Amino acid sequence: MPVWSLWPWSFSIPWLENVHVRQSLKRDDAVINRLTDHKDDASPGLELEALRACASRLRGRIISLSHARKAPHLGSCLSCVDILVAAYWTALDINPACPDDPKRDRFILSKGHAALALYCTLAERGILDEELLNTFNTSGTKLPEHPAAGGIPGIEAATGSLGHGLPIGVGLALGARIRQEGFRTVVVLSDGECNEGSVWEAALMAAAQGLDRLTAVVDYNKWQATGRSNEVLGLAPLAEKWRSFGWNTIELDGHDMAALKSGFAEAENRNGKPTVLIAHTIKGKGVSFMEDDNNWHYRIPTADEVKSACIELGLS
Amino acid sequence: MRNAFADEVTKIAGGRSELVLLSGDIGNRLFDNYKEKHKDRFYNCGVAEANMIGVAAGLSLQGLRPIAYTITPFITSRCLEQIRIDLCYHNLPSLIVGTGSGLSYGGLGPTHHSLEDIALLRAMPNMTVLCPADSQELRALLRAALDHPGPVYMRIGKKGEPQIHQTVPAVQIGRGLTLREGDDVCLISTGNALSLVLDTATELERVGIGVTVVQLHTVKPLDDALLQTVFSRHKVIASVEEHGLIGGLGGALAEWAADHGPFGSRLLRFGTPDRFPEAIGGQSYLRSAFGLTTDSIAARILGVVSRPIE
Chain X
1 MPVWSLWPWS FSIPWLENVH VRQSLKRDDA VINRLTDHKD DASPGLELEA
51 LRACASRLRG RIISLSHARK APHLGSCLSC VDILVAAYWT ALDINPACPD
101 DPKRDRFILS KGHAALALYC TLAERGILDE ELLNTFNTSG TKLPEHPAAG
151 GIPGIEAATG SLGHGLPIGV GLALGARIRQ EGFRTVVVLS DGECNEGSVW
201 EAALMAAAQG LDRLTAVVDY NKWQATGRSN EVLGLAPLAE KWRSFGWNTI
251 ELDGHDMAAL KSGFAEAENR NGKPTVLIAH TIKGKGVSFM EDDNNWHYRI
301 PTADEVKSAC IELGLS
Chain S
1001 MRNAFADEVT KIAGGRSELV LLSGDIGNRL FDNYKEKHKD RFYNCGVAEA
1051 NMIGVAAGLS LQGLRPIAYT ITPFITSRCL EQIRIDLCYH NLPSLIVGTG
1101 SGLSYGGLGP THHSLEDIAL LRAMPNMTVL CPADSQELRA LLRAALDHPG
1151 PVYMRIGKKG EPQIHQTVPA VQIGRGLTLR EGDDVCLIST GNALSLVLDT
1201 ATELERVGIG VTVVQLHTVK PLDDALLQTV FSRHKVIASV EEHGLIGGLG
1251 GALAEWAADH GPFGSRLLRF GTPDRFPEAI GGQSYLRSAF GLTTDSIAAR
1301 ILGVVSRPIE
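Line by line, the protein sequences are chains X and S. Following this note's numbering, the numbering of the first sequence begins with 1 at its first residue and continues without gaps. Following this note's numbering, the numbering of the second sequence begins with 1001 at its first residue and continues without gaps.
Simulated from the structure, these hints should not be mistaken for lab results. One thing to keep in mind: the hints can contain errors.
Claimed, not checked - Here are the computed lysine-lysine pairs in the BS3-like style, where the Cα-Cα straight-line distance is at most 30 Å: (1) K241(X) to K273(X); (2) K103(X) to K1039(S); (3) K1035(S) to K103(X); (4) K1235(S) to K1037(S).
For clarity, every value in this text was computed on a predicted model and none was experimentally measured.
Pulled out of the complex, with its shape left as it was, chain S reads as follows (with noise of 0.2 Å):
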């Protein structure tokens, strides 16, 4: 993903004079086809993330639009102060973006897995949470980003991830896109959790479940809307997502449901827990470790569904 957003962000630049690109001494040779672009408008800000926050407030404060970029963790949390009085306080247009978000960082360790930063960010008021679910969405859900009056954060992964959309898809903030359509079923997924959420879908199907796949890539603001009708039309609503169970989708999503309930669905929330790991490893690894697999999430489900296991 992080190869498409340079792309990506190379391509808009282009013809948008008033975007900077701040980056926190990370992505080396990432961006030198955008510097050797747009010099004037990439500043590699050092390993201090709490200044870089800074500078991007006093950018958009002069109509200029930044985009800060770092590693989920040191752009998020180590800064949070600056993020909800620089940006989101006074309300400035600027786009965050966290590389190697979730897991995927599994094997540097738990100072670079990032499972709080959508809660956090989405406590945030003015804030707008994006999550990717892969290069494609990415491409697009940035170019929304940047035409959005306040701050954003966006969520990205690493490299590889499976590639889900064929074309960039049509996006649009604070709406979910419903990838498949079934009558027993929601699997709500955001992120990189997707192509975990959509081969659990095939399993589930395989044994004559109906299943619905909504991607909400916009985890706030929710999208109203769909989730009426998910709610209104499904036994059970599954949440997956590579991010903690406490202020994740999941947390989102029963927020939603208590506010706009009652419903007669079951809500389950499939996620980290509310430890640090203790063995560490790649990113299947600590899906593994932390249940996030096909199989642990299809068989609760099928518990819940009741329906004979064939």
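Next comes chain X alone, as it looks inside the complex (with noise of 0.2 Å):
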């Protein structure tokens, strides 16, 4: 039996219940197991379906528990959840019976305030158990607010200050080569993150070592903690910038599950450079009454709140 197979029915969180998103889990677990077993097999329009079903549960139970352990960081995300859906079930080959494989593709969320995203697409993927996702953020818990170095599976790296996820993925993809492995390294970034010196740095060096098993992602939502992005520092335009860094660069929408599969299916031509792909999405997506409202990078829904936003997304 897949370890999918396990998780909505030992989870319990009062809100998801009263909402009713669990019948609504049930529905797409046949094809999204097809998905993940057999990649290849599902019809396109079959796979794009349960993929963007899957991006909307995993919405929910981000929401859900934003809620219930008054997490912030909301809007951020729910503008990266299609990107984590495209990564995890198209692009990553990793086996969530074996997470610490040696072999695996490697992943790393440097915009560690999205965690909880990160958490719930790695429960939903089986490679997180759901006992220790229902410890996030409570007193005593591996699954903090940001995630935490220690072994946890599927948490490649300590992230959270930013800046820091792109210079290990370079690492990472730089010792695949010294060690002849063939593993993917898929790094995801803000764009306020962007601000930081270091992923600059990292991307130069990325470029000189022509590491085109590595691709970043920028969730290119427009707003950083404070302010829009391409105000608070010159950073458009983005994709040119890393066009002159020496980077494939893609740009695409950031909710467009067909896009994001193929950019990243292009991302692996080998061409000896690294790609970037430049998502470009809406903080807060998925909601009417959060999208594109920097309120959500601090607020934390209330229960009506929650329920409204399972309506809109289907789940009820």
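Make one complex out of these two single chains by using the hints.
Shown next, in the form of structure tokens:
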């Protein structure tokens, strides 16, 4: 029995139950199982539909947990959900039964403040234990608001201070080449994170070393903590910056599952350059009253807002 | 010391395929021999130290053993957060080597001095701090550091340091070396202060003071057993280091004595004061300006032991 099929039924958060999320979770199990086990077999239309449904479920869980555990950064979580789903179900080769296999693909959420989105994704993918997820942001947890070190399945690096993930990713990709390992490294950054000089140091070295097994994704939601990311610092034109740093640069809609899937596939072109996906996203994506409203960088949803959000997401 | 480092690391890399040397765009020609033998395990990371530490972490995460090498302030204070999180928090086997430590680059000015690095690195959980006295001690400590199961910082000099050890000494991380034994005063040195300390000991012995000389090449973790003996046996203990008085060897010893005492002994600390030098010069000029000379150290110690100066 796949680990996947174990999860929703042992998981209990009152808010999830109240908004009838759990019933809707069952629906796409069969399709997702097929995607997970035999990625290429599912028909493209069915696959994309299942992935979108998976993303909606994840948004429901994230919003509910944000409320239940008083965890901020909801807008940042929701903007990268589709990226996470495309990565974990279409791009990364990770066996949930053996998440520390040395040959596994590596994924680093460099925008560590969206840890809740990663935790929920890992649980949904069967990599992270549901009971562990249930401890999120409680006293004594190993799953704090930013990913911690210490051997949590699926957490390759502790992040939260911005600008650390890409240099570590460069080290992983370089090491893979030294050891002649075939694994791929994917690092997801925020646009605000591109304020950090270390991001650009890493970009320069990845290009110099021709690390074409390294893929960066910038979750370009146009906001950082306290302002528009194109105004706080001169971020635009972001794609041109990466291109001029020697990276294959693909601009896409970061909520378009087909575009993300083909973007991750295209990044595997092995042309001697690292690839960045500039994923245009909307902060708070999926919930009308959260979308592009930067108050949701820190706001915690009320019980009523959780209900409204889940209804919008088609989870009731 | 840097030539000994390049020589020794080249030798070690021959037998250890997991070793990867990262340089922050320094050491022109220094690593030619290494690069010739192990060209797929040398990377010039450019003038980008924060990234270099992150890269070291990524290498170590998959079982490689990175050594990150550049001028001391740039690989310590410049990228301290990367050291704290990427290497220390993950507790990754790795080695940071800072060259030209203390006042070695005296004439290059305070941008290139490092008088805070021991304090900064010592404060990081999981970090081990090593300060070899000369090239022989460096060779021994380098081998020990590359077998250590966590992050290590090694503070080395530049070139032309006095050779103290005639051969490569047997060392163990966390165990000090006792070079002389006497009953009155114990001089404790770390790093390149050892020759100054030995000269000071000779000066004190000349006037009838019994002196023990201890080289604590490991500032973290401290050698508890040795310090228990030293603090119990001597009336005066003096630390000497080419590093600031805040948080260096002397600071570490004061903390240690507070935690393990009470002792009937007096601790004197010799190092650089809490200010940048106003006038710049070479290493010996700056040592004199900061009172790090045999005469000034011996005079203060003699004043405390209250022995007549003959």
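We went through each hint and held it up to the structure:
no.: 1; hint: K241(X) to K273(X); result: holds (15 Å)
no.: 2; hint: K103(X) to K1039(S); result: holds (24 Å)
no.: 3; hint: K1035(S) to K103(X); result: holds (28 Å)
no.: 4; hint: K1235(S) to K1037(S); result: violated (53 Å)
Going through the hint list in order, the structure does not satisfy hint 4, though it satisfies all others.
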